[in-house]
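Peer 1: Residues per chain, in single letters:
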Amino acid sequence: MEELIRIEDLNMAFGEKEVLKDINLQILQSEIFALVGPSGAGKTTLLRILDFFERPKKGNLKFNGMETSGIVNIRRRMSLLFQTPAIFNRSVFENVAYGLKVRGIDKKIIEKKVSEALSIVGLCGLENQKAPTLSGGEAQRMAFARAIVYDPEILLLDEPTANLDPANVMKIEDIIKWLREEKNTTILLATHNIPQVRRLADRVGILINGELIEVNTKDAIFKDPKDKRSEAFLKGEMIY
Amino acid sequence: MGLPPVFVGLFIFVMLVPAGPLGFADIIFTPFAMILVQYILVTPIITGISLSAIKAVPKSLIETVYTLGGNRKDALIAALCEARFGFITAILAGLGRALAEVGAILIVGGNIAYSGSIGGIGEGLSYTRTLTTAITSETSKGDISTSIALGIILISLNLSVNLLANYFQRRD
Chain A
207 MEELIRIEDL NMAFGEKEVL KDINLQILQS EIFALVGPSG AGKTTLLRIL DFFERPKKGN
267 LKFNGMETSG IVNIRRRMSL LFQTPAIFNR SVFENVAYGL KVRGIDKKII EKKVSEALSI
327 VGLCGLENQK APTLSGGEAQ RMAFARAIVY DPEILLLDEP TANLDPANVM KIEDIIKWLR
387 EEKNTTILLA THNIPQVRRL ADRVGILING ELIEVNTKDA IFKDPKDKRS EAFLKGEMIY
Chain B
425 MGLPPVFVGL FIFVMLVPAG PLGFADIIFT PFAMILVQYI LVTPIITGIS LSAIKAVPKS
485 LIETVYTLGG NRKDALIAAL CEARFGFITA ILAGLGRALA EVGAILIVGG NIAYSGSIGG
545 IGEGLSYTRT LTTAITSETS KGDISTSIAL GIILISLNLS VNLLANYFQR RD
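One line per chain: the protein sequences are A and B, in this order.
Per the working numbering, residue 207 is the first one in the first sequence, and the count goes up by one each step.
Per the working numbering, residue 425 is the first one in the second sequence, and the count goes up by one each step.
Chain B extracted, bound-state conformation (with noise of 0.2 Å):
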């Protein structure tokens, strides 16, 4: 279900620094392009779910929306409301892994803060750092307090994520 990130993201990188094929976009090292890493990660992942979702719907409740008179709008509509919960499992899914991506978006992205503050706050304010690509180059410097300050802040995140995404799958 899902692709290797490392790989991804040397393939991204590839196609967009300036010698590549899309590199006339000139988006390598931006935000756009981490996004655009995450997009092809986490698509699979949430596909995958939603299609689980939707195929777990049985036959007899598509047949009752026959009966009761509906038509296949009707029926269509009534299959994506069954595997609703299955959708807000993949999104939060999908959410967990690309809140939790390094690797791909550390290539394209190149992991880039601004030195110096910006009106008065915000020392080293992000421009393509993550929480993760941060706590990678600040375990490198040897600041080893910041990392698990932000380690923290990520693995509450992603807990929070997944006690959700667990609680929608409960419901399912």
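One chain only, chain A, in its complex shape (with noise of 0.2 Å):
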């Protein structure tokens, strides 16, 4: 597979916390790399980072084959998908749209996308619906056909599962596959959910107090986990 996302020597800090350090990581075509480790790790940061919120203090960030004149043109390809989603206070349709209404999209064009997206992510029939009164999980949903609507090359998903019941959870993983191969989306999935690792990733990188401290894939870090910090972290103990 291709090289997509190089991070290349990443550090970040917030005044005198550091919050990464020395991030070197490469994301490739088509997987679904898990971003691993407990709350406070970094992993909102680095998702925020590669999606241009937060400018890093140190290293550099390469989007291979990708449009680079301009933060706009990378981000048009990529997709953020935040643990609580932000909804507009319209309809359900009219969020699923904006993505496409931004890029200029053809009114027809946006309707026969919306409705496929909706479709996707389980929604059809709700498109009058105002937004705001959609349950935590039909909101959750919402968002993600919002982020897949202009097929992003690139989605980053952060904790897209926190706080959704079993059945939502089962939803969003079978969509978070369907992504990846039907549309052959690259995705950045960050969480603390390791049976969800297990379930989805190719990849899992696994980030502790700002230290990326191993990539390997799904099979190599669950059954012979490198570093002692990691095996902790993938059997569920706790680290401070």
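There could be a bad hint or two in this list.
To be verified - These stretches of chain A come out as covered by chain B in the derived footprint (C-beta under 8 Å, 3 or more residues):
(1) 276-282
(2) 291-299
(3) 373-386
(4) 429-440
In case anyone wonders, no lab produced these hints; they're calculated from the structure.
Given the structure is predicted, the values throughout are model-derived calculations rather than measurements.
For glycine and all other residues, C-beta sits at the position ideal for the given N, C-alpha and C.
Two chains, two separate frames, one set of hints: put the complex together.
Peer 2: Laid out in structure tokens, this is it:
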């Protein structure tokens, strides 16, 4: 598989506090890469850096084969889904159509794409419902539809199933698998949900206290973790 | 957020009288002077509520605009759209405040009504007399029934505006 994102010697600090230390990582095309670590490890910060919300203190980001003549152009080929989705106070249709509208897509195509995206996430028939009235699971699935409606090449997911019931978790995981299989989307999944990593990931990176201590294939990392901290975390032991 | 209306009225009066710095404009005791003073009185109210509405738009929503490929202009439009009910509430609050105003418009408007009728209708047609200033003058003349009738109209208008403002506040 070809390399899609390369992160080199990336460091990030908020004031005096170092949150990411010398991160080196390659994300390959069409893979599901799980960035795993306890809360506060720096997973969200790394995703925010990749989507240009934070500027790293040091280091390089390379988006291979992607348009690099401006942040908006790169961003338009990615999608970041937050743990708690922010919802526009409008209809479900308008929420999902938003990314297409800002790209100036034709109305008829928007209708078709929104309808497809809603059918993928199982929200057909709710087009005209006010988005703030959706349940937590429905809102997250709507946010998913909104994030995938314009076929992003890279999907950055920040704890996409936190606080969801098992049925909704299963639906979201099915969507993630479908995206990878049918659309060849590259997915970077930040999570501390180990069973989910086992179900979804191709490769895994363990991030603890801002350090990427181990990167390997899922099978290798679960079978034979090279670092004691990785082993402890994967076994579910508490790490401070 | 609000300014003391009588003081604002007095200040504008001093500015607009013929001997005042803006006396050349010759607008004292005209509806234009009343509009000016109302503008000064309600602008801080409308601005304050509108600002609160804009500040209440969550940062995560603006970030969502960017993640979905939007630019600064899209983020600004999205923020304004999200705050739309707050703006409507602000305008209605300003309208309610303006409807209820007495002191400032009495000072700069002079509570003028034409005597006699025009075309056989409208005895005492208003020039700078509003519902509120008419109530004060009718009460001082002892015409309580007219004052009460005008008062009922005024309170109905104010209640309608407040009900509308509440409706939009709930939708926000």
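Peer 1: If any of the earlier hints don't hold here, list their numbers in rising order.
Peer 2: As far as the earlier hints go, 3, 4 are violated by this structure, in ascending order.
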